[in-house]
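S.K.: Sequence:
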Amino acid sequence: MSTSIRVSDDTKEMLESLKRDDETFDELLERLAQTENPINIGAWSPEDADRARDAVKRSRESFER
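Heads up: the sequence shown begins at 396 in our numbering, then just goes up one per residue.
For the record, the hints were derived by calculation from the structure and aren't laboratory data.
Note that beta-carbon positions come from the ideal geometry of N, C-alpha and C, so glycine has one too.
It cannot be assumed that every hint is accurate.
[What the hints assert, rightly or not] Using C-beta positions, here's what the derived DEER-type ranges look like:
1. 402 / 452: 14 to 24 Å
2. 457 / 400: 47 to 57 Å
3. 402 / 429: 14 to 24 Å
4. 425 / 447: 27 to 37 Å
5. 417 / 437: 23 to 33 Å
6. 415 / 451: 29 to 39 Å
7. 446 / 410: 25 to 35 Å
8. 446 / 398: 26 to 36 Å
9. 449 / 402: 33 to 43 Å
[Said to hold, decoys possible] Cross-link-like lysine to aspartate or glutamate pairs, in silico, EDC-like; alpha carbons within 16 Å at most:
10. 407 / 421
11. 407 / 422
12. 407 / 418
With these hints in hand, go ahead and build the complete structure from the sequences.
M.R.: If you want it as structure tokens, here you go:
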């Protein structure tokens, strides 16, 4: 059985960048769907975000002196 799904050109490019040379798109999607830790590109925990904000603030303050 085969099912087609539509994706934008941008989405296809992103998927192609994740796809291994020896892997079909079906295998890629299966691998991504089974990953225990989903891809969270750019996602920070609240604690990590607070630490980053503090680091930026300290950096800016050091240039003001």
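S.K.: Give a verdict on every hint.
M.R.: Outcome of the hint check:
Checked against the hint of 14 to 24 Å, the pair residue 402 and residue 452 fails, with Cβ atoms roughly 40 Å apart. At about 50 Å, the CB distance of residue 457 to residue 400 agrees with the hint of 47 to 57 Å. Between residue 402 and residue 429 the CB atoms are about 19 Å apart, so this pair conforms to the stated range of 14 to 24 Å. Taking 27 to 37 Å as the suggested C-beta distance range, the pair residue 425 and residue 447 conforms, at roughly 34 Å.
For the pair residue 417 and residue 437, the supplied restraint of 23 to 33 Å holds, since their beta-carbon distance comes to about 28 Å. A hinted range of 29 to 39 Å for the beta carbons of residue 415 and residue 451 is consistent with their spacing of about 36 Å. The given range of 25 to 35 Å is respected by residue 446 and residue 410, whose C-beta atoms sit roughly 32 Å from each other. One distance hint, 26 to 36 Å for the beta-carbon pair residue 446 and residue 398, is violated here, with the actual separation near 43 Å.
For residue 449 and residue 402, the hinted distance range of 33 to 43 Å is satisfied, since their beta carbons lie about 39 Å from each other. Pair hint residue 407 plus residue 421 holds up; C-alpha atoms about 13 Å apart against a cutoff of 16 Å. A threshold of 16 Å between alpha carbons decides the hint, and for residue 407 with residue 422 the separation of about 15 Å falls inside it, so the pair holds. A C-alpha spacing of about 15 Å is found between residue 407 and residue 418, which places the hinted pair at or below 16 Å, so the restraint holds.
Of the numbered hints listed earlier, those contradicted by the structure are 1 and 8.
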